[in-house]
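Got chain F; can you put chain Y on it based on the hints?
These are the residues of each chain, in order.
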Amino acid sequence: MDMIDRYLAAVSAQLPQDQREDIVAELRDLILSRFEAREEELGRPLADDEQEEILREIGHPLVVAARYRKGPDSLVGPELFPYWLFAVKAGLLLVLAVQAVGLFIHLVSGPADAGQAISQALHGFIGGGLTLVGLATAVAAGLERYNIRPRWMTHWRVKDRGSFGLSAPAAWGAAAAGKPQAKAVWTPKPAAAHWPGGDHLFSLLVTGVFVLWWVGVLQFPGLMNIELRGADAVVRGAPVWTALHGFILVYALGHMAVDLAGLARPTAVRLRGAGRAALAVAGLWLTWAIFEAGHWFTLQRGDETARIAGDGSMLNLDTLRALGDSGRELSGVADNLSIVAVWVLAMMAVGLVFQLLGGLWRLARG
Amino acid sequence: MAVDPDLFESMRLELRRGSLVLAVLACLRTERYGYTLRQALAADGLEMEESTLYPLLRRLESQGLLDSEWREEEKRRKRFYRLSPAGTAMLAALTDEWRGINASLDKLL
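Same order as they appear, the protein sequences are chains F and Y. Quick note: the first sequence uses my numbering, first residue 6, plus one each step. Quick note: the second sequence uses my numbering, first residue 88, plus one each step.
Per the computed footprint, the stretches of chain F lying under chain Y, defined by three or more beta-carbons under 8 Å from a beta-carbon of chain Y, are:
#	segment
1	36 to 44
2	66 to 80
What follows is a list of derived Cβ distance ranges for each label pair:
#	chain 1	residue 1	chain 2	residue 2	range
3	Y	D154	F	T324	27 to 37 Å
4	F	V349	Y	S149	27 to 37 Å
5	F	T324	Y	E134	40 to 50 Å
6	Y	R186	F	G307	30 to 40 Å
7	F	Y256	Y	D154	49 to 59 Å
8	Y	T139	F	V211	39 to 49 Å
9	Y	F95	F	L210	45 to 55 Å
10	F	D27	Y	T139	11 to 21 Å
11	Y	E118	F	E45	19 to 29 Å
12	F	L362	Y	L100	51 to 61 Å
13	F	A298	Y	A129	56 to 66 Å
Bear in mind the hints are in silico, worked out from the structure with no lab data behind them. Computed from a prediction, not measured in an experiment: that's the story for all the values here. Heads up, the beta-carbon is just placed ideally off N, CA and C, and yes, glycines get one too.
Chain F on its own, in the form it takes in the complex (with noise of 0.2 Å):
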């Protein structure tokens, strides 16, 4: 194999699938006549040396294959980056109060370790920001990866511009100072008993905010409604989720039940383990029940409809190189979403045996 077939490999090995003989062909006659205009220049055969600075005048392979790609330079480009940065700073705020809130009330409510609360502190705001910032991105990259543009990007109001205040930590003063009921929301409540403070409490306010949003007492307006290639789009849930609804609810309370528990008694290890062996094998259960409903999601845009469904077909890698060939038409961005759905749910899958694993491991080792 020589030099050119080499770079040519490279190049290819990141290409998709179904242009890359066609343009693997043209790099190589572009190549081909780079090295003859040189030679003639020259009066003679380039050397290897000669040759392999032309391949380096046309681009590093990950480069050149890069610029053939379709889709997105960016995960998250110029336009989505100020509401990434955004959810991003308030976001990791929010975490650092709440795990500040748990290590105050950790250090004053019982006989603590003070160096162990502040290092469980520090490594709940290390782990919940990374996860945030990678969710932040996820969320990011998919929305610019099919050009959806949500309601509240699009169609937003003047009169929302108070929540912008959470990326800056002074404006939670200004806020305190107005409103004595915003005080109250930050100001930490004496414990009764010993509670260890934050392990937990991010992800008990989290499936909180979800279970108040999943029977119907918190509303997100637009959540549902996007903005797909210029036109207004819905994402109307499938049956399976009706059919689930009181299942998942449960779910959802039983994980702020475990949640709950950590706070309230950090040294029943065990228990927990059993806790979340007990979701874990829930979970399961739940994911394979909405997997096999197979139709997850509507998209709805005007009289046209697409359905988010899949099967375990879909789960092999060639089906995975596929995602984002469909087009972005409705039914492209459907099938593209069918497959990412397919994967969510076998990685949560996958996920909820670790879960199951461990808490079994805790609850054998204490």
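Frame of chain F; chain Y shown alone:
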């Protein structure tokens, strides 16, 4: 006052970037393959990296603005590009826009 060369280079590239599509479309009123297209652009003072030009050609083709075909020339198969009817219409519209921008800038500069 001296111009910061790095800042100038970055602004120059930004200024050029938007005009490259117009240049490529204009150049492809005559059928060419990638290498000769790049040479033609360079001869008119518009140097363009291959790693930018070739993907751009594919994008313009996928947008229906270019037609292409593989043909043998000089004992090698080459992919020849030319403006499609949609590309011709787009070139005319972009040319009008370009001239409008130029006229506005000329008044300002």
